[in-house]
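J.: Single-letter residue listing:
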Amino acid sequence: MSSYSIVVKDLYKRYGDIEALRGVSFTVRRGEIFGLLGPNGAGKTTTIHILTTIIRPTSGYAEVAGFDVVKYPDEVRKRIGVVFQDITLDLNLTVYENLWLHGKIYGIPGNELRRRIDEVLELIELKEWRDKLVKYLSGGMKRRVEIARALLHKPEILFLDEPTLGLDPNSRVKIWNYVRMLRKEHNITILLTTHYMEEAEQLCDRIAIIDRGKIVAEGSPDELKSIIGREIIYVKFVGTPPVPLLKTLEHVREVKLIEGGKLEIVVDNAPKALPEIIEVFHKSNVQIEEVSYKRPTLNDVFVYLTGRELREEESNFNEHIRMIMRKRYLT
Amino acid sequence: MRWISVIGAMAIRQLKRFFRARARALSTIMMPLMWLLLFGIGFSTAFRGVGFRSILGTSYISFLVPGIVCMTMFVSSFMSGISVIWDRQFGFLKEVLVAPAPRTFIILGRVLGDVTTSLIQALLIMVIGIALAHSLYVYGIPVALIYCLLLGMIGAGLGTMLALSINSIEAFQALVSFIILPLNFISNIFYPLNRMPTWFKIPALLNPITYATDALRGLLIHRCVIGLGIDSIVLIVVACVVIVLAAYMFRRTSIE
Ligand SMILES: Nc1ncnc2c1ncn2[C@@H]1O[C@H](COP(=O)(O)OP(=O)(O)OP(=O)(O)O)[C@@H](O)[C@H]1O
Ligand SMILES: [Mg+2]
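So the protein sequences, as listed, match chains A and B. With the first letter of the first sequence counted as 1, position 59 gets the number 59 in the working numbering; the numbers rise by one all the way through. Going from the second sequence to the working numbering is simple: count from 1 and add 331.
Note that these hints are calculated values from the structure, not bench results. There may be inaccurate statements among the hints.
Claimed, not checked - Mimicking DSS-like on lysine-lysine, the simulated pairs with C-alpha atoms at most 30 Å apart in a straight line are:
1) A:K142 to B:K347
2) A:K135 to B:K532
3) A:K127 to A:K9
4) A:K127 to B:K347
5) A:K132 to B:K347
6) B:K347 to A:K78
7) A:K154 to B:K347
These numbers come from a predicted model, not from an experiment.
My request is simple: use the sequences and hints to build the entire structure.
T.: Here it is in structure tokens:
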């Protein structure tokens, strides 16, 4: 067996005039949690839809669990579990009935199916809800039921398209825990998409940053951050800061006085630069009150690579609108 | 035997949804019921003694019951095609499309479930009809239900095809009245086939409802015009063709 669960090469997808994907390539290793991080409209969902065989790419190649998604969709389908971005449960069936229906469609025999339903309900902590109609469940609970359903047929690879979109922090942490647990105890490969950088950072072994239909970087969170090659140290002090002296230090790139009596020092290697900086202050007899240090975030990486923000505020706003629309639609 | 479980599960799903939305079910049965009560009884009493019996060989209401049963069957199963659009809009379609189960079985299961719910409604109308017109042959009911089943397959298949080609609830509902009303009137539901002028008879004979109604009249009031043999062949052939086409369309459907 190949050590890659997913191989994507130069994927293009056109919707009329819109080019949703413009040459997407990445690989996901067996057993890892891989994140596709990108803003709204980046092409995350389109990528998931192609990899899960429900739409065809305009061109390019994608392989999931060793099978070409265009040539052998059924082989791929048997081996994957999918949680789509929007709810795909039957709202007029109960939790149990949704799971039962899924099991039947996937050909799981009766006794085995009942056992597995109990198992997944246990996992997502919704046992008491099994006979409730899905439409009466909260958004977070529906998500958990979808995860349970995607696991029922024991997939090799799990796809999660924005699994925590619009959920409260509590539900979000729950889902993160399930994801970690699945990887650890069941060795499932997980591909998830998100536009929350903290989610990508907390959860993923490796991340591909996607923007406007292209992968702009791929690597572990630390690797991605080191792309920027700059970190920031803040020093609060009493007296006159030794700015010229600081500028001569090997790892220091910029020094700037900012409000609150603080110095902002941009360095390329904080662990090495910090002792030198402290020594300079000491020698100049300037007392240090406080030192803080800011690692670059994935958002900084995104800004560095694309010149734009991941823009959480705007996406939260869109999400809000989307939730309202969805609610309206459902009632 | 895996396919039986897929078909069965999808059929059960359709049934469960039907029984959870009884209000909607009741509303689909209201229309044929109104026809039966207002039109059937009204017509029978208004033209009492005009000689219906000599033309139809039975009372007008007895003549009407098999037709209204077929109307119920066809309309209700045709309308059930709309659930494909609901599933698309509420996302459940994706769950089905991403499954390894052959889509033909999925669609067969749906159709079977929907036809069963229509059968329940048709049976209800039949029972009410028999109570109103007490000259029907009750022992014809079991075989009549088989013809209803065939007509239901045709209705559900056509409804599904329409739903798959337009993907909009509003458009579906608008088109339904355009399709259903003429189909009901250009048939033998309300008037006997053998008294129709040729220009009317030809389109009526292109309408599958005509054959089902003819068969039901043969069974329930012993007044068959076309003949059970031809009725059976036409209904079976049309049902097969429609289901194959619907399955073909469903296999090619995508979420784009
Ligand atoms: N069915 C479609 N028809 C036309 N355009 C589409 C379709 N689906 C997606 N697009 C377009 O393709 C682009 C990528 O969309 P996609 O849904 O893949 O983005 P995304 O990264 O999942 O965004 P989000 O965070 O909003 O879910 C967008 O510009 C979108 O408008
Ligand atoms: Mg998306």
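J.: Does each hint hold? Answer for all of them.
T.: Hint-by-hint comparison with the structure:
no.: 1; hint: A:K142 to B:K347; in the structure: holds (20 Å)
no.: 2; hint: A:K135 to B:K532; in the structure: violated (49 Å)
no.: 3; hint: A:K127 to A:K9; in the structure: violated (42 Å)
no.: 4; hint: A:K127 to B:K347; in the structure: holds (22 Å)
no.: 5; hint: A:K132 to B:K347; in the structure: holds (14 Å)
no.: 6; hint: B:K347 to A:K78; in the structure: holds (27 Å)
no.: 7; hint: A:K154 to B:K347; in the structure: holds (27 Å)
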